[in-house]
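Build the full structure now, drawing on both the sequences and the hints.
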Amino acid sequence: MISYSVGQQASCSKTITETDFVMFAGLSGDFNPVHIDGEYAKKTRFKQRIAHGLLTSSLLSQLLGVHLPGKGSIYVEQTIRFKSPVFIGDTVTAKGTVQEIDQERRILTLLTECFNQEGTLVLTGTAKMMVPENGGVI
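Quick note on UniProt numbering: the sequence shown kicks off at 1 and runs consecutively.
Calculated from the structure, these hints are not laboratory results. One or more of the hints may lead you astray.
Calculated lysine to any residue pairs in the SDA-like style (CA-CA distance at most 25 Å, straight line) [what the hints assert, rightly or not]:
no., residue 1, residue 2
1, Lys-83, Thr-15
2, Lys-128, Gly-26
3, Lys-83, Glu-104
4, Lys-42, Val-22
5, Lys-47, Gln-117
6, Lys-71, Gly-26
7, Lys-43, Gln-99
8, Lys-14, Ile-2
9, Lys-128, Lys-42
10, Lys-83, Asp-102
11, Lys-128, Val-6
12, Lys-83, Gly-125
13, Lys-43, Pro-33
14, Lys-14, Ile-101
15, Lys-83, Gln-62
16, Lys-83, Pro-132
17, Lys-71, Lys-83
18, Lys-14, Ile-80
19, Lys-83, Leu-54
Shown next as structure tokens:
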């Protein structure tokens, strides 16, 4: 038996920095100038560099792996829709809400959302997480 409830929520936040941009570009190999070249980015519709979409979505890993469902859980599936850009200096809050519980398969389905400091939705999606039985392991 797993002990979660529909509607249960958790969140975590992070302020996005120049260092995050550089480290993520190095890790991912994504050196698209819209992320790393300020002069190039000024010519775009955003007028400044934007965070890599997967940098923003990486906050979901902390949310789901540490907070809800947390310890021992395994990512099974994630859908993502990027809604608004994230910029250096933005504080992004990742929020997860349990939508469905499959007790037999020990799978939680969660609404995953990220908001900036102004409350603007920047990312939305759905995650499926395999969870251990209470206090156990997968």
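Consistency of the hints with the structure:
1. Restraint check for Lys-83 and Thr-15: the C-alpha separation of about 18 Å stays at or below 25 Å, so the hint holds.
2. Taking the CA atoms of Lys-128 and Gly-26, the gap is about 28 Å. The hint is violated against a cut of 25 Å.
3. For the hint linking Lys-83 to Glu-104, the alpha-carbon distance of about 34 Å lies beyond 25 Å, and the restraint is violated.
4. Taken as a hint, the Lys-42 and Val-22 pair is honoured in the structure, with Cα atoms around 18 Å apart against an allowance of 25 Å.
5. Restraint check for Lys-47 and Gln-117: the C-alpha separation of about 19 Å stays at or below 25 Å, so the hint holds.
6. Between Lys-71 and Gly-26, the direct Cα distance comes to roughly 28 Å. Violation of the 25 Å bound is thereby established for this hinted pair.
7. Between Lys-43 and Gln-99 the alpha-carbon distance is near 41 Å, which puts this suggested pair outside the 25 Å criterion.
8. The hinted pair formed by Lys-14 and Ile-2 fails the criterion: a straight-line CA distance of about 29 Å is larger than 25 Å.
9. As the CA atoms of Lys-128 and Lys-42 are separated by approximately 38 Å, the hinted pair breaks the 25 Å bound.
10. Among the hinted pairs, Lys-83 with Asp-102 is inconsistent with the structure: their alpha-carbon atoms are about 29 Å apart, more than 25 Å.
11. Between Lys-128 and Val-6, the direct Cα distance comes to roughly 14 Å. Compliance with the 25 Å bound is thereby established for this hinted pair.
12. Distance check on the hinted pair: Lys-83 and Gly-125 sit about 10 Å apart at the alpha-carbon level, within 25 Å; holds.
13. For the suggested pair Lys-43 and Pro-33, the alpha carbons sit about 11 Å apart, so the restraint of at most 25 Å is met.
14. About 28 Å separates the Cα atoms of Lys-14 and Ile-101, which puts this hinted pair outside 25 Å; it is violated.
15. Restraint check: the Cα-Cα separation between Lys-83 and Gln-62 comes to about 20 Å, which is no more than 25 Å; the hinted pair holds.
16. At roughly 32 Å between alpha-carbon atoms, Lys-83 and Pro-132 are farther apart than 25 Å, so this suggested pair is violated.
17. Of the supplied pair hints, the one linking Lys-71 and Lys-83 is violated, its CA atoms being roughly 29 Å apart against a limit of 25 Å.
18. For the hint linking Lys-14 to Ile-80, the alpha-carbon distance of about 19 Å falls within 25 Å, and the restraint holds.
19. Note on Lys-83 and Leu-54: the hinted pairing holds, with a Cα-Cα distance of about 13 Å set against a maximum of 25 Å.
Figure legend: structure checked against the earlier numbered hints; hints not met, in rising order: 2, 3, 6, 7, 8, 9, 10, 14, 16 and 17.
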